[in-house]
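Put together the whole structure using the sequences plus the hints.
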Amino acid sequence: MIQKANLEVFAETLLNLAKKDKEIVVVTSDSRGSGKLTQFGKELPDQIIEVGIAEQNLVGICAGLSAVGKKVFGVSPSSFLTARSLEQIKNDIAYSNHPVTLVGISAGVSYGQLGSTHHSIHDLAVLRTINNISIVVPSDNFETRESIKEAVNYTSPLFIRFGKKPMLKIHNESDEFKIGKGVKIREGKDILFVTTGETAQRALLASEILYKKNISCSIINMHTIKPFDNDLFLDCLSNVKVLITAEEHSENGGLGEKCSSIISQSRIKIPFKIIGFPDEYMVNGSQSDVLDYYNMSPEKLAKIAEDLLG
Amino acid sequence: MNHKELELKSIEYRKTILDIIYKGGAGHTAGSLSCIDILNVLYNNVLNINPNNFKSNDRNRYVQSKGHTVEALYTVLCDNNFFTREELNTLNQFNSHFIGHPTRKVPGVEHNTGALGHGLSVAVGMAIGFKLDNKPYKVYTLLGDGELSEGSIWESLLSASKYKLDNLVIIIDRNGLQITGKTEEVNPIEPLLDKFISFGLCVNQVNGNSVSELDEIFKKIPFENNQPNLIIANTIKGKGISFIENQVVWHHKLPSEEEYNRAIQELNKQLENFK
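So the protein sequences, as listed, match chains A and B.
The opening residue of the first sequence carries number 4 in the working numbering; numbering runs sequentially from there.
The opening residue of the second sequence carries number -1 in the working numbering; numbering runs sequentially from there.
I should point out that these hints are in silico values taken from the structure, not numbers from a laboratory.
Just so you have them, the derived chain A footprint on chain B, three or more residues with Cβ under 8 Å:
no., stretch
1, 102 to 109
2, 119 to 130
3, 146 to 155
With a Cα cut of at most 25 Å, we get these calculated DSS-like pairs of lysine-lysine:
no., chain 1, residue 1, chain 2, residue 2
4, A, LYS25, B, LYS160
5, A, LYS23, B, LYS133
6, B, LYS103, A, LYS229
7, A, LYS25, B, LYS129
8, A, LYS22, B, LYS133
9, A, LYS22, A, LYS181
10, B, LYS160, A, LYS45
11, A, LYS45, B, LYS162
For glycine and all other residues, C-beta sits at the position ideal for the given N, C-alpha and C.
This is the structure:
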């Protein structure tokens, strides 16, 4: 079932929470429209701070607001937020330990044809190296809503990133969600897909293709990249024959390499493929076209899995 | 404190700065000496921040954006009983919280700084927060003049002006030198006054090594309603020790034993003359 864009769910959730909690403040960098926060600005003008196109300043102001007791959400395109302002995130948020939530909108290759200046396929890698910041990449509307709800009273720095296209429904409303706890969304015995964010739905569709060929798949959605749910990962790994990770991110330094690191420090041997964006000048196209091109179409994921299984 | 008492403090503080840098084996000697009078007046007469109210949200804030002159900050915090002199004497020792830039692990430090061009945005955020809650508290921040080359400073000034932060007090330690040489040769920033005025700030200039001038100017805040306050504090880098004053080399230089003894002698003489 096709749901809304995670971006829309984020904006609705935050507006509803902020109506009940006057300490919630949103900071934007001319990103009110692209963050779907126009309505927020109309209804709660005293709870939104606009700094203009100045991402470094946005992050610093978020830290200052937090330091005087506000529950702060800094909202800006993930590309600019995590590259332009990386030093502010490192020093003013993480090192200074202000429990700000930084929301990277239009993440991954969401901007499609706008090209590499706007893509954020580095954000998970760079933030993984920074102490004291959690990283969440919700896959569907449910995970987005729950992560924003948890973010309000999260006691340490947090980064949440997602895209702006409608998403497949993955969870039921009664499911459990907790930052730091991965979710097993399919149980199978042949293949383990580990996904994050928008690749969860693609692995889900791949698993349906494979199911018709009598190949069964486990899928773990690691909505939290840091702290990583090692236990769930290792637990699921022991019951399958091959492992595939898929992420809307560079192959370098993201989900796949995190999994690789865990495996190589254990005694486990398993056929393994990391799927992400290679270290090359990126092909131009829509988000969907780019993901498809780089082996993240359901068909290609299924084919790679089948080949790996042998 | 009256101005005489503040002047006495400044001499004692300079001795402490020299002492902890000498014993700690590193420090930003000249910059700490240029801004110590500002910190003296702020912590003893203006801020009303002390160990008893530090954990409260309802108080003024001080963010030291020029984090490298942390020895000046540690010195006034120590004198204001945030920690003991014994603790401060662990400066630069393995596993001590007293490192070469401000960290909140040290009692009394508001924000972790060190990379330049960060503190003003944070101070702006604090000042906006107080405005949102209609709280009467002020936010003070100290910037270096070399630091003004950072673009993020000018981003922050735009926001300070937009949000009419008359509860924000920006102090520029205008000592005219940075690690490479004179600010006006490294990357000219003048005409500074005109720049700040054009950004919508209300600007005053003082002798930043005069505790009486500093004390008087802080009493006039807000200079104007709805405008951020900015003080250009004209200082001498290395102020108070003849052979350190205005010498580029002393930005991050450690005094030798002979230099240390000479500096302490000069300061002791100032104390005698003062009494």
